[in-house]
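Going by the working numbering, the sequence shown opens with residue 1, and the numbers climb by one from there.
Since the hints were made in silico from the structure, they are not lab data.
Accuracy of the hints is not assured; some may be wrong.
[As the list claims (entries may be wrong)] Per label pair, the in silico range of CB-to-CB distance: (1) K102 to P38: 40 to 46 Å; (2) E20 to S51: 39 to 45 Å; (3) E101 to M1: 26 to 32 Å; (4) F9 to K80: 16 to 22 Å; (5) G64 to R43: 26 to 32 Å; (6) R97 to E40: 32 to 38 Å; (7) S68 to H10: 27 to 33 Å; (8) P6 to F44: 24 to 30 Å; (9) R86 to A11: 26 to 32 Å; (10) G46 to K80: 27 to 33 Å.
This one's a predicted model, so the numbers in the text were calculated from it and none came from an experiment.
Think of the CB as a built atom: it goes at the ideal place given N, C-alpha and C, for glycine as much as any other residue.
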Amino acid sequence: MEIKLPIKFHANYKVIVRDETGEKAARCNRVLVREFTPAEKERFFGTLEESERPTHQVTFHDYGCKRSAEGRIVENTADKLTIEIRGGKQYEFSLLRPGEEKNLTGAC
Numbered sequence: 001m002e003i004k005l006p007i008k009f010h011a012n013y014k015v016i017v018r019d020e021t022g023e024k025a026a027r028c029n030r031v032l033v034r035e036f037t038p039a040e041k042e043r044f045f046g047t048l049e050e051s052e053r054p055t056h057q058v059t060f061h062d063y064g065c066k067r068s069a070e071g072r073i074v075e076n077t078a079d080k081l082t083i084e085i086r087g088g089k090q091y092e093f094s095l096l097r098p099g100e101e102k103n104l105t106g107a108c
């Protein structure tokens with residue numbers, strides 16, 4: 001699957017993390033997205049039903065800490081990429097625009 005959001009190593013992104021308690025927005029960078037191969041899906045997630053198996057891994061840095069999430073892409077546009085992990089938690093990535101930093105709450 002082609003990722004439509006421009007992924008640039010030195011760009012800054014806004015990540016919004018949503019779960020049952022609400023949402024939190026933070027700044028991140030070094031966003032990398034990769035699709036699992038069929039062999040990896042079977043090896044790492046073989047006990048899960050096909051509809052529950054993660055299809056992509058997103059890795060990013062949040063205030064110097066490397067984070068990764070494995071899940072399924074639920075939205076893939078030129079403006080944002082949203083991945084949902086097991087348990088219903090969502091990570092929404094978009095390019096950080098000038099002036100948006102003041103609205104960010106901090107680390108994920």
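How the hints compare with the structure:
Distance hint check: the CB atoms of K102 and P38 are about 44 Å apart, consistent with the given range 40 to 46 Å. Between E20 and S51 the beta carbons are some 21 Å apart, a value that contradicts the proposed interval 39 to 45 Å. The given range of 26 to 32 Å is respected by E101 and M1, whose C-beta atoms sit roughly 30 Å from each other. Under the hint 16 to 22 Å, the C-beta atoms of F9 and K80, about 19 Å apart, fit the expected range.
For the pair G64 and R43, the supplied restraint of 26 to 32 Å holds, since their beta-carbon distance comes to about 31 Å. Between R97 and E40 the beta carbon distance is about 34 Å. The supplied range of 32 to 38 Å therefore holds. A hinted range of 27 to 33 Å is violated for the C-beta pair S68 and H10, which are about 19 Å apart. At roughly 28 Å, the beta carbons of P6 and F44 sit within the given window of 24 to 30 Å.
Our hint of 26 to 32 Å for R86 and A11 holds, since their Cβ atoms are close to 28 Å apart. At roughly 31 Å, the beta carbons of G46 and K80 sit within the given window of 27 to 33 Å.
Taken one by one, the earlier hints fail for this structure at numbers 2, 7, listed in ascending order.
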